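**Student:** Chain by chain, the residues run as shown.
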Amino acid sequence: MKRTIENVENQFETFQILNEDGEVVNQDAMPDLSDEDLQELMRRMVYTRILDQRSIALNRQGRLGFYAPTAGQEASQLGSHFAMEKEDFLLPGYRDVPQLIWHGLPLYQAFLFSRGHFHGNQMGEVNAVSPQIIIGAQITQTAGVALGMKKRGKKNVAVTYTGDGGASQGDFYEGMNFAGAFGAPAIFIVQNNRYAISVPVEKQSAAQTIAQKAVAAGIDGVQVDGMDVLAVYKATQDARERAINGEGPTLIETLTYRYGPHTMAGDDPTRYRVEDEENEWEKKDPLVRFRKFLEAKGLWSEDKENEVIENAKEEIKAAIKKADEQPKQKVTDLISLMHEELPQNLQDQMEEYKEKESK
Amino acid sequence: MAQMTMIQAITDAMRTELKNDENVLIFGEDVGQNGGVFRATEGLQADFGEDRVFDTPLAESGIGGMAIGLALQGFRPVPEIQFFGFVFEVMDAISGQMARYRYRSGNSYNMPVTVRSPFGGGVHTPELHADSLEGLMAQQPGLKVVIPSTPYDAKGLLIQSIRDNDPVIFLEHMKLYRSFRGEVPEEEYTIELGKADVKREGKDVTLVAYGAMVHSALKAAEQLEKDGVDAEVIDLRTVSPVDYETIIESVEKTNRVVVIQEAQKQAGIVAHVASEIQERAILHLEAPVLRVAAPDTVYPFSSAEEVWLPNHNDILEKVNTVMNF
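Chains as they are written, first to last, in full-length UniProt numbering: chain A, 1 to 359; chain B, 1 to 325.
Quick caveat, the hints were computed from the structure, so don't treat them as lab data.
The structure displayed is predicted, hence computed values, not measured ones.
There may be inaccurate statements among the hints.
Residues of chain B clear of chain A, computed beta-carbon distances all greater than 10 Å [unchecked claim]:
no., residue
1, Ile68
2, Ala71
3, Gln82
4, Gly106
5, Asp164
6, Thr254
7, Lys265
8, Ala274
9, Thr321
Covered by chain A, according to a simulated footprint, are these stretches of chain B (three or more residues, beta-carbon under 8 Å) [unchecked claim]:
no., segment
10, 50-64
11, 88-97
12, 108-120
13, 132-146
14, 183-192
DSSO-like cross-link-like pairs, simulated, lysine-lysine; straight-line CA separation at most 27 Å [claimed, not checked]:
no., chain 1, residue 1, chain 2, residue 2
15, B, Lys195, A, Lys151
16, B, Lys195, A, Lys354
17, A, Lys317, A, Lys297
In this text, a Cβ means the ideal position worked out from N, Cα and C, and glycines have one as well.
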C-alpha cells in the first residue's frame, strides 16, 4: 500500500465496494461479515440518523447545547468504528459522538457532553477521550497513545477522526509523522465532507487528495468512498491488521458529505453551498445504498427499520430524562477537578465558593 | 555529600526516577544518544535503553501531543522542550490540552507530565531561546510552574515534579546550569511543590525572587549588610502556585518588600505577588511594594542582554527607596 512519489495523485483511486444502487462492484474486496454483522451495521446507521434528527430538534427546543450534525456521514463514522475492538482507543473530533456511543459511552452522557456537563466526558471503562474541540490536537495525541500501546505490547490500535479542514493543521502532519517514525499502531481517519464550516476543500490545499498526504509521512494512505459502509469498514479493518502486525499507521480519507449545517450554533449552509450539489450527494446516501444491498439479500425490511426507529426514539427519550436528572455543576466541583491536591490559591477559593454555594 | 552543578543534579533526578518507576519516559530533540544540547540526559539512554529515553522528530507540538497520548496509556512522560522560547509551538498541547485533561474528563484521566526546558538570559543565545515565559504558563489553570535556583533544589523539585500526578512545567535557568556547584545528597529526596524557601534570613526588608534573580538578590543582600540593612531573601521555587504564607510571614516581620523577576514587568509573576501582599498584609507595610523587572520590550538580541537584564544594582536602588519611604 505504500506509494511512490511519482504521479502520486493517480495512485489514490477511490476504494468502493457498493455503488450508489447498492450493487457490489468489487466482490474481491468484500469483507468477511456475518448476516448479523451486516444487520447490526444497518441498525447503527439508522439509529444514528434518528439520533441526529432528534438531537437537532432537541437543540432547537433548547434541550441540548453544542451539536454538530452527522447525517450523511454515517458510513464514514460507523463503518470505520465497526472495525474497532473495545480495547482499541478512540480519539474523536467534535462531530464523532456516534462512534463514542457505539464504543460504549451511554447516550445520556453524550447528551451531557452536548450540554457542557463534565459527566458527559467521564469515560469510565470506555477506551476513549471526549470529543476534541481544537482541530487537529487529537492527532498528535493519537500518535502518543499508539506508541504507548506498542511499548505495552498490546495488540490494539489508536483511532482518531478529523475533517478535511483538520488535514491542513500542522498537528495533522506532526501526528502522522511521529506515528510513522515510531511505527506506532495508529489509524488517522479524515472524513472529507468537503467543507470546513464554509471553506471548500479545494481551498484547503493544492493536493488533489488528502490521502496522498500519507506519502510525505511515509505511511500507508487510502481514499475510500465514505458513503459506502462496506468499503469504509474494509479499509479500516485492513489498516488495523497492518497496525497490529507492526506495519505502522494508516491515513484513511473518506469522501462524504454533511447534509446539515456545521453546528447548530447559527451556521447557514446556503451561504456557501448550492442545492444541486446537496441533491447530488443525497443520491449517494449511505443508508439508501446499504438498505438496497441488504434488502436484495433478504436481510432488511421496512418492519425491521421501523422497529429500529421506534427503539431509538424510546432510548433517546429515556436518555434525555436521565440527563435531566443529573445534578447541576457547581464551582466547587470545578475547583476540585483542577488538581489531585488543591494548591493554596484554590484552597482559598474553595472556601469562598463553599460559603457562596451554601447560601 | 557530593558537589554538583545544577545540570548534574537534574540528570541525577531523572536517573533516580527512571530507576524508581518503569513508567517514566524521557524524550525530546537530541535527548537520546547526544544526551541533550546541555547534556542534561547524558548517559541515560545508554543506561536505560532506547525504549525509555529517546529522540523524537523535530516538532514541539508533536512532542507535547505525544506526551499526552503516552500519559493516556499510563506512562509518566518527561518531555524536553529544547529551549523554552520554542514553547509557542507547543502551547496548545500544554495549555489547551494537558492542563485541562483532569477537569475535562472529570477525573477520568490525569496528566503526570513534566515538561522540562532551559530558559533565561545572560548566555548569549540567538533570539527566542532565553525569554522568561513563566508568566504565560502561570496564567494557565491546571499547571504547576517550578523554577529552581540551586543544585539541591533542582534535584528535589524535579523528583517531586516527576512524581506529581498533574502537569508540571519545570524551567531550568541556563545561566545556573554550570555557574556554581552545591551540595547535593546522592540519595533520593523530594521538595514539596508550592513551597517557597527562605534563602537568607533578615529583619529589615524582604526580597522575593526566583531563578537566577535569587542570586542577584543574595548579592544585593550582602551589599546591604555592609550598609547596615538586614535583608531576608525568599526564593519562590514554585511560581505557580505561589506560597503566600511564607511571604506574608516575612512581610509581617520586615514591613518592607521588593519583588524581583528577570521577566518583563507587565503582567508578571511578581505583580501577582505584590497584589497578594497588599490584599493580605497592607497594615504591615511601611512602604509600597516595589518591583524589579525587565522593561516591557521583547527579549533583546544578545549584545544588549547585559544592559537589559535586571541586576543587583537595580535591586539595591529599589531597596533604598522602600527603606527611606
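**Student:** Which numbered hints does this structure break?
**Tutor:** Numbers 1, 2, 4, 5, 14, 15 and 17 - these are the hints that the structure violates, sorted from lowest upward.
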